[in-house]
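Novice: Quick note, the sequences are listed as chains A and B, same order.
Using my numbering, the letters of the first sequence map in sequence onto residues 17 to 285.
Using my numbering, the letters of the second sequence map in sequence onto residues 17 to 285.
Hints in this document: simulated from the structure, not taken from any laboratory.
Hints may contain errors.
Claimed, not checked - Partial list, computed: chain A residues near chain B (C-beta under 10 Å):
no.	residue
1	Ala169
2	Gln194
3	Ala205
A quick note: this is a predicted structure, and the numbers were derived from the prediction, not measured.
Glycine included, every Cβ here is placed at the ideal spot set by N, Cα and C.
2 protein chains.
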Amino acid sequence: MTKSSEGDAKANSPKQFRDMIRKGEWTKPTIEMCRGYGQANLVVVPMEYAFEFLLFCNRNPQACPIIDVTEPGDPHPKRIAPEADLRTDLPKYRVFKDGEVIDEPIDVMKYWRDDLVGLLLGCSCGFKWAIQAANIPFRRYGGYLTTIPCVSAGRFHGHLVCSVRAFYNAPDAVRAVQISSRHPLMHGAPIHIGDPADIGIKDLGKGGSFIHPNAPAAEHPKPGEIVMCWPSGITPQTAAIESKIPFMITHLGGHMFVMDQLVEELAII
Amino acid sequence: MTKSSEGDAKANSPKQFRDMIRKGEWTKPTIEMCRGYGQANLVVVPMEYAFEFLLFCNRNPQACPIIDVTEPGDPHPKRIAPEADLRTDLPKYRVFKDGEVIDEPIDVMKYWRDDLVGLLLGCSCGFKWAIQAANIPFRRYGGYLTTIPCVSAGRFHGHLVCSVRAFYNAPDAVRAVQISSRHPLMHGAPIHIGDPADIGIKDLGKGGSFIHPNAPAAEHPKPGEIVMCWPSGITPQTAAIESKIPFMITHLGGHMFVMDQLVEELAII
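Isolated chain A (complex conformation):
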């Protein structure tokens, strides 16, 4: 895709952009697309453990804020985008079996079953737009597995994944706390300020986060910068792995579901 058509894609409405994805015309990350609109992490589980996973989300609400839950077997998120189809409208998926990734397809038509329940969980793109709208610069690192245990629910347990951002000074960091706090459905406020090693993130600069294992090495935070960590919607994927969940479908990191709602529509204040 040329630069100019990528620019066109950015200008699409969420529905137009999802249509492109459905047709296989967009298989890349969504994170810079449809600016201002909410994006959501996807988790699909069999009805058999839907209660346990919904409870896991409720017990870990910053990592897994619930935006919508579909009816068993129904791929359409009726409340937030009734004409969307969770089987085709995300650019890339991950399919887990017994805690291992068995496929990373561009649609999950062949994996869909009548007993599957889809959950859409808010994504940090939400507060990212809001922080950028306030003209606050930051440097984003990847998503990293931490040593913070999630609160378990039934067979679901695992460690928290965090997204990490470095701010250039204290006033910017304070403002980022304020702004992200307005968006609890997009992970809300950071859960850690300071050295990421405190929560088990040993080397930020090392290329290779949990989400983008082949990402290039990132610049280390500099003295005076303030590093903050937010719970990430990738957390259910660590739960799938650590809990050896028999079957689960998620999006591939960064390849989200683009919602019809503006982030500001979902802000708490």
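Model the placement of chain B on the given structure of chain A, informed by the hints.
Specialist: Chain B in isolation, oriented as in the chain A frame:
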């Protein structure tokens, strides 16, 4: 109980106050007790429809903000007050069978079963303390059934119950919106400002709200006052009635579970 011992009870810690309730020494409303501490609505459902009810809460998060969910059969809310017992530590309960109230006991030991799951949902006492702490006066009405349908989930459907408060002027009403917005786990911001008749509450002044059917007639709002309506944690009780749920236990309106956490500990900002 004399005035002075009621005052003493008010000064109790949540744990001390729950111990009084457990011993049967307090069977009255909790709403003025343990000032500053969170209080929670209780809903207990069989595991068979725990998923549907948890989903109902997630789809109606302002009415039913989830504070804690117990394990099946376990009456102890392990995450927020492990030594508490949901069967005995609320002053009065309601037991529903097929959508009808069959009992209003002071404990539910005889109704407890191995398959019951307890859910604690935030209560408006939370933001009430916060509004009062900001020195904003208001007049509280009861809880009223509205014509606003809840989003259904499985067999759970019903209409929203709202608590209603009149503020004496616009700045106070604005401040109350701001303050309650900080407390999404305590129902958050109002969902209606203006004439309660717009949402089906026809006569505020008529004694007899949904929660306190025998309450004395309340003073009507005066011109210039601003009336605001908040979703209420009594809403699951209308769902039990309207959905004719086979079996459900709740607290009796106003007779809440007193939490160990201060309201401010649970505020979003």
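Novice: Taking the hints in turn, state whether each one holds.
Specialist: Hint by hint, here is what the structure shows:
Using the Cβ-Cβ criterion of 10 Å, the hint placing Ala169(A) at the interface with chain B is satisfied: the shortest such distance is roughly 8 Å. Interface hint at Gln194(A): satisfied, since its Cβ lies 7 Å from the closest Cβ of chain B, which is below the 10 Å cut-off. Taken as an interface hint, Ala205(A) checks out: its beta carbon lies about 8 Å from the nearest beta carbon of chain B, inside 10 Å.
Hint compliance for this structure: no hint is broken.
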